Amino acid sequence: MARSWTRRAFLRAMGAGTAALSLSAVWPFGLKAQEPVRIGAVYPLSGGLARTGAAIKATLEFTARIVNEPHPQLAPIPLAEGAGLTGLGGRPIELVFADSAGDPATGRAEAERLIEEEGVVALCGAYQSSVTKTASIPAEARGIPFVNFESSSPTLTERGFKWFFRTGPHDGVFTRLFFDMFDDLNARGQTIKRLAVLSEDSEWGASAVEVEKQLAAERGYEIVAVEMYTTPPASLDAELLRLRDANPDALLGHQYLPGAILVVQTLKEMGWFPPGLVVHDAGYVLPDFLKTVGADGNYIISRATWALALQERKPLVKAVNDLHKERVGTNLDGVTARGFTGLITLADAINRAGSTEPEAIRQALVETNIPGEALIMPWKGVEFDEKGQNKHASGVMVQILEQQYKLVWPFDLAETEIVWPAPGWGER
Amino acid sequence: MRALGGIAALGLVGGLVAFPWLVEGSFPRHTLITLLMYAALAQAWNVLGGYAGQLSFGHAAFFGIGAYTSAVLLRDLGLTPWLGMWVGGLLATGVGLLVGYPCFTLKRHYFALATLALGEIARIAFTHWKFVGGSLGIDLPLRYLNQGAYMMWTDKLPYYYVALGLAALATAVVLVVDRARLGLYLKAINQDEEAAANLGIDVRKYKLVAMGLSAFLTGVVGAFYAQYVLYIDPKNTLILPISVKIVVIALVGGRGTVLGPLLGAALLVPLSEYARTYLGGLGRGYDYLLYGLVVMLLAMREPRGLVALLARLGERAAAKPAPQRPRPAVADVTTKTTKAGAEATPRGEGRHGAA
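Chains as they are written, first to last, in numbering that gives the first Met the number 0: chain A, 0 to 427; chain B, 0 to 354.
It should be emphasised that the hints constitute simulated quantities derived from the structure, not laboratory data. Hints are supplied without guarantee of correctness; some may be wrong.
Claimed, not checked - Looking from chain A toward chain B, a few residues come up when the C-beta cut is under 8 Å (computed):
| id | residue |
| --- | --- |
| 1 | E80 |
| 2 | E115 |
| 3 | E117 |
| 4 | G118 |
| 5 | A140 |
| 6 | S151 |
| 7 | R158 |
| 8 | N185 |
| 9 | D200 |
| 10 | S201 |
Just so you know, these numbers come straight off a predicted model, no measurement behind them. Quick reminder that beta carbons are idealized off the backbone N, C-alpha and C, glycines included.
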């Protein structure tokens, strides 16, 4: 409670300061400048995902401060240079947080409360795809823009919603990354043609396998074997033996933590490691994974939404991350970097709308065009297609080398050379 | 006396009908809808878990079956949930009877374990079942939005009245069970199954009747939930916490009574919703602590539930100033039942041990 009051008081004071400064220049609008533009944010602030929710909240508050105060050192980022929304006479943005408790029904109720009682002009959230689904329904019904930063279910932008936008990538985009990387590797003289898949059999894995089969056919790859199991697997001996006999050029994996650990242990016992083990993040990027398998996890390649190593090639990433570390106390990660980028996109749209009218903001979102240079993401930019999906949302590939996740693809952003084919167990 | 009770009941109903008009805004209304929904669920559970004494920890399965049935019927056939919800209830009943038939030979905690497994099996099955969307769940078709004929609104008020109707229906069923011969049979079975059988009660038949009623009502409420949230997946319909919440509300309120589940929902649902709003936003889980503390305190002070607690307070208040005892009909029944039950249980268990 106390914290939100001080923040509000702070914003008021700042708004008043801005008003006083601009009083002579833009007199009639000067007084209005005090009133913040309220943006609702629905996140899981309690329950099993509370820690993730709290991290997102801290980063979004950090982002709002960059918008509201002058940060000339972050200049290419929209709204960083000036104070507040310059298109609205310098009005600051204010985030109004609500707790979804990770539950779709609660998320929806909170979104309604934000629209009705808190008078927010736009909504963002809600991390989990299931909550984003329900929380965006009242926004669509009442005609309020809802911008999602970090939910990955492809169906979210397939609903024909007029008021829903997503800045981040969805699962279909990630699977395409695998094939983009194979194409690049083949162009460099590798021979990657025969693929095998080991997947857990819930909807997540099963639907990813379908997409992989389809993309392989489209792009001239051959799927030589597919093995499915139910999580948590008791043993993967039979599955991996059959996959070894198929002798693939790369093995694609979708595993939760128990499966990921078992894959590595079984491969070591078998004394086999495919030329490339390419996986969807999930179990392979949790801290417990490397803690358990240690150096045996080396050479695995995983998808990622973002990597801190981007700062080697993009000075803007370093500038934002350093400030984030100073003010919030943590490095940015795949989730919070997407949150930062999404909120900047939304604030930029409100600024260009020059108004808090929902239809004006929606129109500005449709016309969004932020170039890649102004982003801390490995994307070519932010531009929405007719479904509200950012056309340029993409990801990166990391490889575990010396028990660290190293950015290895796209090659122009890589911090280190990709190791392909991976050395066998005897050569490590 | 009777007339007084009638007037009180009328006043209560009138108050409930008028209530949402007194509270503005979606959030208090959401809390009320959730309250009524869980009151209906706990009441449905009460028929089986309270009167018949068969503790079920798998009611989320019936809830989910109801939700999925009406959602699929709407998605694929365009059947209005006003009809789909009854189909969902019937399907839940079917599954309940199918599972109940073999499981009712199990006694007490063994039955509870079997129902626990039922809930988990349902969750896993639905997670892997493509036709119902697997772990991605089902989006209800939003083209029906704001069509009362399809039970889909953006406003909360209509949902409130549907939830009120469901809570009233479930309470009416429990009231009938309580007054009818069926209620006596179920209580007899609860107290001592073998004695009841010796008296000529067809134990399995009446357990199945209780299971059928309970599953049916739970399935119907599940269909309502799907309409209310407009998106269902195994994680918001079929998980253990839903089963447990239903049981906790019924137990805290007082199982085997007409008023118990209503009181339990009236205390615990607003407690968890508002504790989350005021304490939960910090990401520290104080709201869960508070919730757990209240449940523990109640379990320690009065294990028979709120109904018994209120009755005891009422008796104490009555014993001092006024010579005549106010007669809360329901509470009276409770105290008797639970007392009898408390005596019966150890005896019954002793016999199982001997056998």
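Taking the hints in turn, this is what the structure says about them:
no., hint, result
1, E80, "violated (32 Å)"
2, E115, "holds (6 Å)"
3, E117, "violated (10 Å)"
4, G118, "violated (12 Å)"
5, A140, "holds (4 Å)"
6, S151, "violated (12 Å)"
7, R158, "holds (7 Å)"
8, N185, "violated (33 Å)"
9, D200, "holds (7 Å)"
10, S201, "holds (5 Å)"
When the structure is compared with the earlier hints, violations turn up for hints 1, 3, 4, 6, 8 and for no others.
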